[in-house]
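Each chain, letter by letter, is given below.
2 protein chains.
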Amino acid sequence: MAEGNTKITDRFWTRYRELVRSEMIPYQWKVLNDEIDVRIERERDDAHIPNKKSHALENFRIAAGKHSGHHYGWVFQDSDVYKWLEAAAYSLSEKMDENLKKLADSVVDLIGDAQEEDGYLSTYFTIEEPDRKFRRLRESHELYCAGHLMEAAVAYNRATGNRKVVEIAEKLADCIWRELGPEGRYGFDGHEEVEIGLMKLYQLTGKERYRELSRHFLMIRGEDPDFFEKERQNDPDRKPVIHGMDPLPLRYYQIHKKVVDQDTAEGHAVRLVYLCTAMADVAAACGDEIMLAACRKIWRNIVDRRMYITGGIGSTVHGEAFTFDYDLPNDTMYCETCASVGLVFFAKAMMENEADGEYGDVMERALYNTVLSGTALDGKHFFYVNPLEVNPVSSALDPGKSHVKAVRPEWLGCACCPPNLARLLASVDQYVYTAREDCCFVNLYMSSESCFSMKSGEIRIRQETGYPVSGKIRLQLEKEAGQKLRLGLRIPSWARTFALTVNGEACRAVPEKGFVLLDLQEEKNEILLDLPMKPELWRARADLRSDIGKAAVGRGPLVYCLEEADNGKDLHMLSIKRDPDFAEQEEDGELGHIVAITAAGIRRKTAPVRGGLYGFDDEMREEKEEQRLRFIPYYTWANRGSNEMSVWVRTE
Amino acid sequence: MAEGNTKITDRFWTRYRELVRSEMIPYQWKVLNDEIDVRIERERDDAHIPNKKSHALENFRIAAGKHSGHHYGWVFQDSDVYKWLEAAAYSLSEKMDENLKKLADSVVDLIGDAQEEDGYLSTYFTIEEPDRKFRRLRESHELYCAGHLMEAAVAYNRATGNRKVVEIAEKLADCIWRELGPEGRYGFDGHEEVEIGLMKLYQLTGKERYRELSRHFLMIRGEDPDFFEKERQNDPDRKPVIHGMDPLPLRYYQIHKKVVDQDTAEGHAVRLVYLCTAMADVAAACGDEIMLAACRKIWRNIVDRRMYITGGIGSTVHGEAFTFDYDLPNDTMYCETCASVGLVFFAKAMMENEADGEYGDVMERALYNTVLSGTALDGKHFFYVNPLEVNPVSSALDPGKSHVKAVRPEWLGCACCPPNLARLLASVDQYVYTAREDCCFVNLYMSSESCFSMKSGEIRIRQETGYPVSGKIRLQLEKEAGQKLRLGLRIPSWARTFALTVNGEACRAVPEKGFVLLDLQEEKNEILLDLPMKPELWRARADLRSDIGKAAVGRGPLVYCLEEADNGKDLHMLSIKRDPDFAEQEEDGELGHIVAITAAGIRRKTAPVRGGLYGFDDEMREEKEEQRLRFIPYYTWANRGSNEMSVWVRTE
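Residue numbers (numbering that gives the first Met the number 0), protein chains in the order written: chain A, 0 to 651; chain B, 0 to 651.
Be a bit skeptical, because a hint or two may be false.
Copies of the same chain look alike in the list, so a pair counts if it works inside one copy or between any two.
When the alpha-carbon atoms are kept at most 30 angstroms apart in a straight line, the in silico DSBU-like pairs for lysine-lysine are as follows [unchecked claim]:
#	residue 1	residue 2
1	Lys-512	Lys-604
2	Lys-170	Lys-604
3	Lys-163	Lys-52
4	Lys-568	Lys-296
5	Lys-576	Lys-604
6	Lys-549	Lys-238
7	Lys-101	Lys-206
8	Lys-6	Lys-238
9	Lys-623	Lys-549
10	Lys-52	Lys-101
11	Lys-163	Lys-623
12	Lys-549	Lys-576
13	Lys-206	Lys-604
14	Lys-549	Lys-568
15	Lys-604	Lys-296
No lab work stands behind these hints: they were computed from the structure.
Isolated chain A, as found in the complex (with noise of 0.2 angstroms):
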């Protein structure tokens, strides 16, 4: 990959960016550190008690024997500090703030002093279960973090050129190199991560082991199906680790078969997709085709039969988790913020093997969609769960919707999804371009100035535009004399036409793999491209047994979705005309800058003429009234109080 940077202008994100900076990274360190009463919710009913705090940081002033006490929350409750620490680290990369960098390096400090003399980390173990140490990997999460310290390390050594939090994270390195590397015990984590962060690692250092030992990790994954269990067999009193934590099917931790191997999305979905950046990435890093063929194979059966329109994946509750192909339900699904995530990173790392605009359509889809839709408009609530159809009532009285919540929480008692947002948001210039060799790829269309070091020499790129209200998009470019160079321009699935001028000229080039490929002769070089940003009837195929008979509304990337607040209640009563005669408004209030649409529709009310439940076809009274129905961009949901929402809508 080439060296380059990018910085952020765009209005839309920086918005977003701002909030991490000046409310989700503030607000975090608060829980994080126990210094304000937050009212942590329960992820669903069934659920154990919630934490009462984070007591993430106390658990390592309690291993450092700073403090004395006993380790609290879940065993994997450091991540939180190190991906706390990743989001700082962005947060600062994009512009220096003293006070947070002393905080920041504090932190680094104090997970410095919680690690062990050989390396060892993890402050559940190190408190509570000293013997048990990487024994019991299928609940452990002991590799899981330390691949988001690892994450955490490098991000926050580029951006401050902190060295030692890179000796905390090589140290701990070369313990799980000794411990479980190729020379060491089988074993491998239930929760895959530890991959992606080793090869940040050895990006960082370009030290080998680094890429062997996640290589390693994948390459023996699903190799003995039975290992975890055979852990457990062998530990002396069988527990589970921490309460809760109960074993689930090999599929559930994509050990089923051996990674290589695998051709659907199985499992927690979450899990899937780090596993599946970590295979892209040392694909990409070795060569290995073997490996970046199970990606292909998996990323199609996620994109062709197991992806929300939403971009959310994670299809039931149950074990957060995929189920079968085109089972999408609108209701009861999970479609985890860390979920649609992790599908960026994998997006990402996919177009760092090979380029096909497709990559950065699901990586636009899952961003502006389920991952926006993560946090609220203020950046201090947060979802877990992204539903594409909620009735408050049935969140509140069926258990079996208990997860699905009707407005963001403050809090989780499992607090995995608002620093993993933060740090895509606050890393989201590393995605808006792929550039490699004398290629460059544009994945995703927002204001911004980068340089990229090509092979032939430095790159400027200034991009100009009003997205996703407006899809005009202004490229300015500037190369060396004579350096060879192709611009790739992603022309979005949800494009049907688009208009193009280079340097003045029309261009009608037909896009290959999603990509308009320019080969730039000129030093500096104009680009305009017009996207067709303009509402669309979307449907799903007929397989798609939630969504028959319905559409969805979209503009561009956006999905949108009706609310009660603007619709009234009882949305399923509502439906779209075919011949929607749509009209767009845009405005600036409570949800921001956006284009609301408004469409045809009917509202219907019927019950049987002689009450009850139940009546003849020909013996119902119907209300039918035609009703102007209002969407809005669906990331903006739940941004007014408790309310019906729906994604889609049944159509006349």
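We have chain A already, so just place chain B on it with the hints.
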């Protein structure tokens, strides 16, 4: 109530009653006696490991000191034996069978041997935890089992004259009176049932203390919502009685408020209808208007807002419970067979308070659809859960639907339904008429011969019908000269019209509260009723989100469904025309003697032109073909292997 009896001569019901006699009773005996290997299934993925055997009779032998060993199975395992005995009793009433009587007598003796000196009877507590007797009423099911013993005792005494069984039941009832009666400790069972049993014992023996004890349990229920929790706090080691019986919300046990103050159907559906049956029994016996008023409110709530078109109740697997008004999902519901059995009990008990055709309507709806669906046509496989929509792939791969079986298992870990079904089928003769004072109401239409001792004298009724295949009913009623008699003929709510002749003369009576009332003057009367037994298209009121845009097919009391075996895969791609051009096909094949219905429909297979999951509305490729849809009676579904099924079908 007038004394009397009814002998069923009906083709439709005799088949089922013969199945009870020849298959269910012998088969269930073998299961209860661990004589045959039976593949016991878990109710759902997260249910406890199922019992490998029933052990129900062995528990009695151990409690009686005849064998040694431990109690095995659920704490309420005894009730399976009592329900079997009750079913056997009804079967013997109809047709004496000396071998069966001998077997049943021996069961009575065994129960007597297992009973303790003071009358206490519960094999679990006798064997395992004698110091906890009546101390953990939330989970113990001691009174629940006692209630089933009392019901069995009354039935068996009536069938055979056996006195011992009544002595056992009375001894137990007296023990309960001493411990938990109005002068004993405060307490009632977590699962209502003893209140029903006590009323039956009162009706048999005339002893008012049993009626008083039943009313006592009802009156104190919910008075102190914290009672169960206090009981747990007072328990020395505070453990649940038996693994898996975790405390559930107050509503689950109907203890969130006093029962007479309850006006909605809440909690575990079986518990609720058992509670209501007892309340209605007590209301009738005591003329308790307050209790009757509560029954009416809960009845209205069920019938107007919480009942499936199949007469199923219980919208969620979580707590096998009601959820909220109009929440009737078709593919995740519970609709337990036992709950519909209980709804039939409740309807009958209400009819004994006040004549209203609606009670017969609901009785009929539940009986002909969800209750019968509880057994395979072979009488040897049973549903616990009766879905309105099934996709076998979902049942297999979506853990949230693991309780929705696509084929009836041989036996279930919690085996409440098969014997409950058997006892209702074997006693269905008791549901045909409600005879009171000088009125005789016809609730159900089935060929039968009855006699009743009315206040004014004896009557004999002979009913001849081909119901539910035919809607023609011939009633011959003989009474004494000058005897006053009013006959109430239920005109079902599904009958738009009807034709009636009384002694050769056309009668234009208008039904009052669902009954045509005939004051019969002649000694010999012939009444011919012709109900319009023909296919009808039904709709649900629009408040039912799950049924919006859909219709169901019915014929008389029977709800129909589509099965994959007749209509091909992907039933969701089918729709029915609003003008369905119904055709009927009477047949007597693998589904028994039924009228199948065909209707005009369309199959649509749509997919995006560009491939993938989602496409523009105007870029979908649609394969549309006319398809004649074939509907079969709901109760006959899942008799041809695992396949898709749906009651509700989208309309064009």
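Now the hints, each set against the structure:
no. : hint                : in the structure
1   : Lys-512 <-> Lys-604 : between (47 angstroms within a copy, 27 angstroms between copies)
2   : Lys-170 <-> Lys-604 : neither (66 angstroms within a copy, 58 angstroms between copies)
3   : Lys-163 <-> Lys-52  : within (29 angstroms within a copy, 62 angstroms between copies)
4   : Lys-568 <-> Lys-296 : between (42 angstroms within a copy, 26 angstroms between copies)
5   : Lys-576 <-> Lys-604 : both (17 angstroms within a copy, 20 angstroms between copies)
6   : Lys-549 <-> Lys-238 : neither (48 angstroms within a copy, 50 angstroms between copies)
7   : Lys-101 <-> Lys-206 : within (29 angstroms within a copy, 84 angstroms between copies)
8   : Lys-6 <-> Lys-238   : neither (50 angstroms within a copy, 60 angstroms between copies)
9   : Lys-623 <-> Lys-549 : both (19 angstroms within a copy, 17 angstroms between copies)
10  : Lys-52 <-> Lys-101  : within (24 angstroms within a copy, 66 angstroms between copies)
11  : Lys-163 <-> Lys-623 : neither (69 angstroms within a copy, 66 angstroms between copies)
12  : Lys-549 <-> Lys-576 : both (11 angstroms within a copy, 18 angstroms between copies)
13  : Lys-206 <-> Lys-604 : neither (67 angstroms within a copy, 54 angstroms between copies)
14  : Lys-549 <-> Lys-568 : both (18 angstroms within a copy, 20 angstroms between copies)
15  : Lys-604 <-> Lys-296 : between (46 angstroms within a copy, 25 angstroms between copies)
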